[in-house]
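Participant: The lines below spell out each chain.
There are 2 protein chains.
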Amino acid sequence: MTALPVKQRFNLPDGMIYLDGNSLGPLPRTVPDRLASMVGHEWGEHLIKGWNVDDWMAQPVAVADRIGRLIGAPEGTVVLGDTLSIKVHQALSAALAMRPGRRVILSDSGNFPTDLYMAEGLIRQLDKGHELRVVDPEAVAGAITEEVAAVMLTHVDYRTGRMHDMDAITRLAHEAGAVMIWDLAHSAGAVPVDVTACGAEFAVGCTYKYLNGGPGAPAFIQVHPDIVDDVEPALSGWLGHDAPFAFEPHYRPASGIERMRVGTPPIIQIAALDEALKVWDDIDINDVRAASIALCETFIAEVEARCPDLTLASPRDAAMRGSQVSFAFEHGYAAMQALIARNVIGDFRSPDIMRFGFTPLYIDEDDVRGAVDVLADVLDRSLWDDPAYRARGRVT
Amino acid sequence: MTALPVKQRFNLPDGMIYLDGNSLGPLPRTVPDRLASMVGHEWGEHLIKGWNVDDWMAQPVAVADRIGRLIGAPEGTVVLGDTLSIKVHQALSAALAMRPGRRVILSDSGNFPTDLYMAEGLIRQLDKGHELRVVDPEAVAGAITEEVAAVMLTHVDYRTGRMHDMDAITRLAHEAGAVMIWDLAHSAGAVPVDVTACGAEFAVGCTYKYLNGGPGAPAFIQVHPDIVDDVEPALSGWLGHDAPFAFEPHYRPASGIERMRVGTPPIIQIAALDEALKVWDDIDINDVRAASIALCETFIAEVEARCPDLTLASPRDAAMRGSQVSFAFEHGYAAMQALIARNVIGDFRSPDIMRFGFTPLYIDEDDVRGAVDVLADVLDRSLWDDPAYRARGRVT
Chain X
1 MTALPVKQRF NLPDGMIYLD GNSLGPLPRT VPDRLASMVG HEWGEHLIKG
51 WNVDDWMAQP VAVADRIGRL IGAPEGTVVL GDTLSIKVHQ ALSAALAMRP
101 GRRVILSDSG NFPTDLYMAE GLIRQLDKGH ELRVVDPEAV AGAITEEVAA
151 VMLTHVDYRT GRMHDMDAIT RLAHEAGAVM IWDLAHSAGA VPVDVTACGA
201 EFAVGCTYKY LNGGPGAPAF IQVHPDIVDD VEPALSGWLG HDAPFAFEPH
251 YRPASGIERM RVGTPPIIQI AALDEALKVW DDIDINDVRA ASIALCETFI
301 AEVEARCPDL TLASPRDAAM RGSQVSFAFE HGYAAMQALI ARNVIGDFRS
351 PDIMRFGFTP LYIDEDDVRG AVDVLADVLD RSLWDDPAYR ARGRVT
Chain F
1001 MTALPVKQRF NLPDGMIYLD GNSLGPLPRT VPDRLASMVG HEWGEHLIKG
1051 WNVDDWMAQP VAVADRIGRL IGAPEGTVVL GDTLSIKVHQ ALSAALAMRP
1101 GRRVILSDSG NFPTDLYMAE GLIRQLDKGH ELRVVDPEAV AGAITEEVAA
1151 VMLTHVDYRT GRMHDMDAIT RLAHEAGAVM IWDLAHSAGA VPVDVTACGA
1201 EFAVGCTYKY LNGGPGAPAF IQVHPDIVDD VEPALSGWLG HDAPFAFEPH
1251 YRPASGIERM RVGTPPIIQI AALDEALKVW DDIDINDVRA ASIALCETFI
1301 AEVEARCPDL TLASPRDAAM RGSQVSFAFE HGYAAMQALI ARNVIGDFRS
1351 PDIMRFGFTP LYIDEDDVRG AVDVLADVLD RSLWDDPAYR ARGRVT
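So the sequences go chain by chain: X and F.
If you count by this note's numbering, then the first sequence holds residues 1 to 396, one letter each, in order.
If you count by this note's numbering, then the second sequence holds residues 1001 to 1396, one letter each, in order.
Okay, chain X solo, but in the shape it has when bound (with noise of 0.2 Å):
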């Protein structure tokens, strides 16, 4: 295994210390070359041929391996396509078909509002008289019951970073006899997970963030090899037949997890997500996640003693927290215009929220202290105590 960071694996602009992997990976390295190849060799000079001679077909389920590697899922069980509120659709569609009798969908108010949203669109289209209930994060175990058909959950939240324990809730959903589905787009490539010893029927998650397969890089969906040949897909898309060629009248699904996928897959962006992957061939999550830890907790301690306008956001307890950190602070939004503006990257989440990700591929202490140094500028500079400068009104 190698050790962290492998910074030169990637493409950073010089000076700048990006704390948005959490959002949008950097590129790495080799990705334009493969592009390059894929585009000008693939496409340019075998054409439709590619489907066959260059595996195009194959490669929805083949590259997702290179995932299911880093969250316990057995080869052959994940699959790319489509985007992650597609996925959620189709977990949640087939979660509530294997549960007729049950009419709650439970969720919690630290789920990012696809997840919610794609949750309220299905209730109306099904209209079955649904319910999405939501709650507090820590309101969720003592609302499983036996009214739920399905919890759905992100695993990291995204404002926050707090973390569920997939474990217990995967094992409280079942004792009641809901069926469970994890969002991992703040897990994959951020902490280690292992979807295997979970147990959970479906997992969903992006690839554009902690996985860097670039903007609008494919999601992927996991289905528990115990359950996948009985889904019956509501999306049943001609790639997700058993003989796709055939052009059969009818649809009949594939077995195991190639009935998930839908329509013709994204072979420009799997090219380059496969080749950011190659990333982690030596790498083992274990040693992101130690680093990652490390690089949190000097943050959290570094800004609390330079910066006592902000208020951690983030559970204090590193066991508790996915691999960000965020501070709440009034003139949040403006701080954090103020740091891009010197060239360190996070982002702001309404209303008032300072999210930092850390992502020790590429980041490192030096980064995480002189990420530090200018947020203290940044505040000590403001004139934001000042109630001349405040009369004028919210600094945007």
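If you're looking for bench data, these hints aren't it; they were derived computationally from the structure.
Glycine included, every Cβ here is placed at the ideal spot set by N, Cα and C.
Accuracy of the hints is not assured; some may be wrong.
With a straight-line Cα cutoff of 27 Å, these simulated DSS-like cross-link-like pairs (lysine-lysine) come out [what the hints assert, rightly or not]:
#	chain 1	residue 1	chain 2	residue 2
1	X	K128	F	K1128
2	X	K278	F	K1007
3	X	K49	F	K1278
4	F	K1007	X	K49
5	X	K7	F	K1049
Some, not all, of what chain F presents toward chain X, calculated at C-beta under 8 Å [unchecked claim]:
#	residue
6	S1023
7	L1024
8	I1048
9	G1050
10	V1053
11	L1084
12	G1263
13	T1264
Use these hints to put chain F onto chain X, whose structure you have.
Facilitator: Using the frame of chain X, we list chain F on its own:
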């Protein structure tokens, strides 16, 4: 307007006659540089800021306007994303919600299987007793009754090239109170289409065929401006929300076509497509149509003169035919393999269809005659009619 062909705008391998642009268009020459710039400069240097400074967020509608101009859609009424299968689901789900008292989806046996499969999946998912009624293409007009909630057809048949009369069928659908959905997969960039004159509620299509967007390029959907704000999106993802970055707890659809967006758009694929669509900047689709008819007529005449074992499977009347010509032949699979081995690329569709696409952007009369020379030679050399050879079984 520029005269056709514009072969120099494409990467066409030496010696290849490519008659499969109806399946996957060839690489436009400027796409590799555009991708290198998008990836190296936008993603590599701007990282997360690309969503703003490079206008990634606006591209699904901005780039789709280039397609809108080819299909007669007003500016800002088309959006890119997902796959054609997903766009079919969106259109059909919305159409059924618009006609809650009706239970029939009418389609025809010439529709591409994924459209039929997606309808089957939606019907199972809704579980309200809808029926997918599939009739012969010639029987569609007579089957549009007041039971029909939605008429869902592909304009140009993927196997035979037979073309429906969009205006006439849409009028019949509307007279019967049904919603009209057109799949333009084999039309956009191939034949003149005017969705505004036609007045259909929904049009969907793909961009990797005649629009040359590359393998897995995103699909598009157009919704008639008169109804789009009444459409309740079933796939209610965050990027179709009125204020995605407000992270509100409930879904509120954006106004206009933006509500048909779902998740994060595939920015790398969209960059390739945007560049590919620039090929059309100085091209008149009516010139493309005229040239396509001339090429198809030459091909039919030459094949019928020199290859008597082949039977025309496309309409003989050019006005009834898209931009492809198909011939039925008992040994079509083997004959197509032999053609491909000699660098004349068409494709085979079960059970016996040899399919040839004519794309006047890069195909000329010399290519057509060259292809027929090889086809005639392949057929002359074949032993299919030799009983001793046939006894050995199917040629593969």
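Participant: Looking back at the numbered hints, which does the structure fail to meet, lowest number first?
Facilitator: Of the numbered hints, 2 and 10 do not hold.
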